[in-house]
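Q: Sequence:
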Amino acid sequence: MPEPFIERSQKPEHGDYASGFPLKLARVAGAKPMSIAEDLIGLMPPAPEIKSIVAAPPGFINFTLKSDWLTNQVDSILSARDSYANIDIGRGSRVQVEFVSLNPTGPLHVGNVRGAILGSTLANVLSAAGYDAEREYYFNDAGNQINLFYRSLFIRYLQALDKEAEMPEAGYMGNYLVDLAGEFASTEGDRFLKMDEAGAVTELGKLGVERVISKIKEELQLLGIEFDSWFTEQSLYGNGQYERAMSLLRKEGYIAEKEGATWFVSTALGEDKDNVLVRSDGSPTYFATDIAYHYNKFLERKFDRVIDIWGADHQGHVPRLKAAVGALGVNPERLELIIHQMVTLRRGGETVRVSKRTGDIITLRELVDEVGSDACRFFFLARSANSQMDFDMELAKKESADNPVYYVQYAHARIASILRLAEERGIDHSKGDVSLLTGEPELFLVRKLLLLPELVDTIARTLEPHHLPHYAQELATVFHSFYKQCRVISEDEDLTKARLKLVEAAKIVLAKTLHLMEMTAPGKM
RNA sequence: GCGCCCGUGGCGCAGUGGAUAGCGCGUUUGGUUGCGGACCAAAAGGUCGGAGGUUCGAGUCCUCCCGGGCGUACCA
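Add 637 to the 1-based position in the first sequence for my numbering, that's all there is to it.
Treat the hints as calculated values from the structure; they're not laboratory data.
One or more of the hints may lead you astray.
[Claimed, not checked] Simulated crosslink set (DMTMM-like; lysine to aspartate or glutamate; CA at most 25 angstroms straight-line):
#1 939 / 827
#2 1034 / 1003
#3 1085 / 644
#4 910 / 896
#5 959 / 1003
#6 669 / 686
#7 852 / 863
#8 669 / 640
#9 688 / 712
#10 703 / 653
#11 688 / 719
Let's have the full structure, built from the sequences with the hints guiding it.
A: The structure is reproduced here in structure tokens:
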């Protein structure tokens, strides 16, 4: 027996909502879809919102809403204002969105931008969907890479003070480290030369990490991104969480010692192979600390839902982390991973390498300076996380004038301009009668406005924010079309007031959409 | 080799198993002596990478093949 379902009609001719349920039911019922549709319609009680329910070949049921119910929604939008499209599917449950989480060994580059934009937008949408959403940045301030960073910085520091020193093998060669070391040479002087080298490397290194993190914060701000929490790997060791996570795994029988190392027996959970947790030299792997980190997320901080956003280069890590979370006694479905495909950056068709270690990078700052935050966000957001993207900076700049970004924002500016004019003329539309909005372009616009709450619902469930820019563009199109067909401020005072209400509602919805994407909604352009 | 992702008009992308596959850019043709022309209207342009299969119905699900990306570490 199939489950009944109803969905948005794909075309206006099919009403507002439609169901292909009779087609599904025909299989098991052994009856003709059309007659099932008609029978079902006969069983449905009349509803005040519904104008008509009709059967349509080959067996759909189409529902059309009443115009006065639709236009009344304009008043609802006006009274909801900024909270319009806020829904409550989350019921206040706690969800954590962790993203970017780049190690503090260098500045953010374009490869990190995609995750940053995805994560911040998702967190916004989840908040609107009634979740208590927390944005977290996790950074690795322990382990191999950070030691290498410490050493690299120290060598650059020595060089900045005209000492002979050679960079370590595979060290961080980027110019930013040279600059950073130069900064420290002038602000800190040569005081690190006077202590023992190991201490100096660590102390200078810590200063370096601090500095890099504050730069990362600044850069994220350029895209409007702020985090609620900055979580350090060190803290996992500081208060024993690492040990607790490991001993829990051990207690559950998922740990084995072999070949001089400590292993997570993921084969017991259907994985292809086991994974090393503690190397034979006694140091924990990234995997081990990631398990401890997720132990912290679920068992210490008790998030109901955890979303990690990773690049495709970490995709192979997903099954074993899920297995590990399960081994900790947490339902792995509570951990959701968004894997976004890689971004290749181009400049006029030429691929730009984005390796931190070789140093040839285009930073987030350069990207935002050249292309602009709004355009960046729209561009990156419009593509589904599953598809890889080429980002050509030349093209992005060149096309920006004909960009959907400006098309959408222009609609908002236009609306603002109309409302400004109405205000200048002293028109008070607060008592406007929305039932006068009977024209097709008006109702079409109302229908479009009503989609946003459903979109928030969809995105909160599917974690696919790329629908947002597409909706924004459709909404702008419908508004522009309405604008062309319906003069807002006219001699007809009552109609003017009614239409001003509609226009203001459109402004609220468009601004909300832009703000969910963390884009600006300009009053003028 | 194996695993994950992608392949949709010239280009860039949407498309919760459903009705005639959509949108932007580009191309062509029109449009305002009124609220912002950064706009609107219309047209041309598709055997949805290929072949099988499941289904009343497949761009969507399954199998195989082709092409591209990313993995496949006692790196992160």
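Q: With reference to the structure, classify each hint as holding or not holding.
A: Cross-check of the supplied hints:
1. In summary, the hint linking residue 939 to residue 827 is not supported, as the alpha carbons are separated by about 46 angstroms, beyond the 25 angstroms threshold.
2. The straight-line distance between the Cα atoms of residue 1034 and residue 1003 is roughly 13 angstroms, inside the 25 angstroms bound, and the hint therefore holds.
3. Restraint check: the Cα-Cα separation between residue 1085 and residue 644 comes to about 15 angstroms, which is no more than 25 angstroms; the hinted pair holds.
4. Under the criterion of a C-alpha separation no larger than 25 angstroms, the hint pairing residue 910 with residue 896 is consistent with the structure, at around 15 angstroms.
5. Between residue 959 and residue 1003 the alpha-carbon distance is near 36 angstroms, which puts this suggested pair outside the 25 angstroms criterion.
6. For the proposed pair residue 669 and residue 686, the alpha carbon gap of about 29 angstroms is over 25 angstroms, so the pair is violated.
7. Proposed proximity of residue 852 and residue 863 is supported: the alpha carbons are some 13 angstroms apart, at most 25 angstroms.
8. Distance restraint check for residue 669 and residue 640: the Cα-Cα separation of roughly 18 angstroms lies within the 25 angstroms cut-off, and the hinted pair is therefore satisfied.
9. The suggested pairing of residue 688 with residue 712 holds, with an alpha-carbon distance near 20 angstroms, which does not exceed 25 angstroms.
10. For a cut-off of 25 angstroms, the pair hint linking residue 703 to residue 653 stands: about 10 angstroms separates their Cα positions.
11. Restraint check for residue 688 and residue 719: the C-alpha separation of about 30 angstroms exceeds 25 angstroms, so the hint is violated.
Violated hints, in rising order: 1, 5, 6, 11; the structure is consistent with all others.
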